[in-house]
Amino acid sequence: MMRLALLLLPFAIAALPSPALAQTGELPHGIVVTGSATIKTAPDRATISIELRGEGTTPDAATSDLAKRQRDVIGGLAQIDPKLKFYTGAVATSEVRKGDCPNTPGRYDLSEGSSTDDKGPCRVTGYVATISATVELTAVDKAGTAIGLAQRLGAASASLDGFSLQDPEAAERAAAGAAMADARAQAQTLATASGGRLGPIVSVIGTPNIGAPMEAGESLNALPQARSAPVSAPPVQIDVTPKPVETTARVTVVFSLAN
1 MMRLALLLLP FAIAALPSPA LAQTGELPHG IVVTGSATIK TAPDRATISI
51 ELRGEGTTPD AATSDLAKRQ RDVIGGLAQI DPKLKFYTGA VATSEVRKGD
101 CPNTPGRYDL SEGSSTDDKG PCRVTGYVAT ISATVELTAV DKAGTAIGLA
151 QRLGAASASL DGFSLQDPEA AERAAAGAAM ADARAQAQTL ATASGGRLGP
201 IVSVIGTPNI GAPMEAGESL NALPQARSAP VSAPPVQIDV TPKPVETTAR
251 VTVVFSLAN
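Residue numbers 1 to 259, in my numbering, belong to the letters of the sequence shown in order.
One or more of the hints may lead you astray.
[Unchecked claim] In silico SDA-like links for lysine to any residue, alpha-carbon gap of 20 Å or less:
(1) Lys40 to Lys243
(2) Lys83 to Gly148
(3) Lys85 to Thr38
(4) Lys68 to Lys85
(5) Lys83 to Pro43
(6) Lys83 to Glu172
(7) Lys85 to Pro121
(8) Lys40 to Ala170
(9) Lys243 to Thr38
(10) Lys83 to Thr38
(11) Lys243 to Glu172
Calculated directly from the structure, the hints in this document are not laboratory data.
Please take these sequences and the hints and turn them into a complete structure.
This is the structure:
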């Protein structure tokens with residue numbers, strides 16, 4: 001709690017005003033206090049980034065391979081968290097060329113390729129399709145486990161981006177309430193010290209939405225159908241212990257002071 005200096009006025013006691021109030025050039029009659037509070041909330045959402053890659057000798061073969069990997073990965077993850085949300089990001093396809101292609105950027109080597117394919121003239125030998133995706137899990141304790149499972153099921157890469165709250169506004173409201181309570185407690189102390197009586201609130205200046213932002217995806221898709229067969233073997237358990245999400249609120253309140 002901030003320690004406040006006092007200015008004695010003819011009919012009121014006022015704490016040093018906030019910069020917003022000081023801009024008016026006049027001290028308000030009453031008690032001006034700044035209350036603040038920080039609350040900690042256990043996160044209930046984990047965000048995972050996944051890259052998927054499909055390969056084939058034709059464009060259709062590459063995109064079909066990609067679609068199968070997507071179904072396998074998302075379907076498998078849905079078995080450990082049926083409430084997961086799946087968002088897609090960038091989707092791309094490209095040729096795979098072999099041979100003497102010095103000016104061909106971004107070449108890929110297909111899984112079946114060999115070093116002997118790099119000899120001879122530049123030629124198309126296949127296609128690669130890629131997609132990036134974001135998965136939001138409500139089973140926060142299984143977020144680490146989901147990383148290994150995603151790669152087992154066909155993801156090219158998977159990473160845990162972090163943790164957040166599904167409803168940050170609830171935490172913001174709680175923090176604002178605690179900040180108001182802090183302000184009232186300070187004002188009551190000052191009113192008692194002055195020999196007066198704390199009156200009703202005259203005005204409030206708040207600093208809202210100081211907390212973890214919501215994470216947004218590019219487009220929400222219907223989940224691919226999960227495979228009917230369960231994951232062949234139990235996934236490797238990776239324990240995670242996320243830090244609580246801190247939400248802070250700060251309010252400047254002017255209370256009237258009765259004699």
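A quick look at each hint next to the structure:
Among the hinted pairs, Lys40 with Lys243 is consistent with the structure: their alpha-carbon atoms are about 9 Å apart, no more than 20 Å. Straight-line distance between C-alpha atoms of Lys83 and Gly148 comes to about 19 Å, which keeps the hinted pair within the 20 Å bound. Note on Lys85 and Thr38: the hinted pairing is violated, with a Cα-Cα distance of about 29 Å set against a maximum of 20 Å. The straight-line distance between the Cα atoms of Lys68 and Lys85 is roughly 18 Å, inside the 20 Å bound, and the hint therefore holds.
Distance hint between Lys83 and Pro43 is fulfilled; the C-alpha atoms sit about 16 Å from each other, no more than 20 Å. With a C-alpha separation of about 24 Å, the suggested pair Lys83 and Glu172 falls outside the 20 Å cut-off, and the hint is violated. A threshold of 20 Å between alpha carbons decides the hint, and for Lys85 with Pro121 the separation of about 46 Å lies outside it, so the pair is violated. As the CA atoms of Lys40 and Ala170 are separated by approximately 12 Å, the hinted pair is consistent with the 20 Å bound.
Under the criterion of a C-alpha separation no larger than 20 Å, the hint pairing Lys243 with Thr38 is consistent with the structure, at around 14 Å. Distance check on the hinted pair: Lys83 and Thr38 sit about 30 Å apart at the alpha-carbon level, beyond 20 Å; violated. A distance of roughly 17 Å separates the Cα atoms of Lys243 and Glu172; the hinted pair therefore holds under the 20 Å criterion.
Going through the hint list in order, the structure does not satisfy hints 3, 6, 7 and 10.
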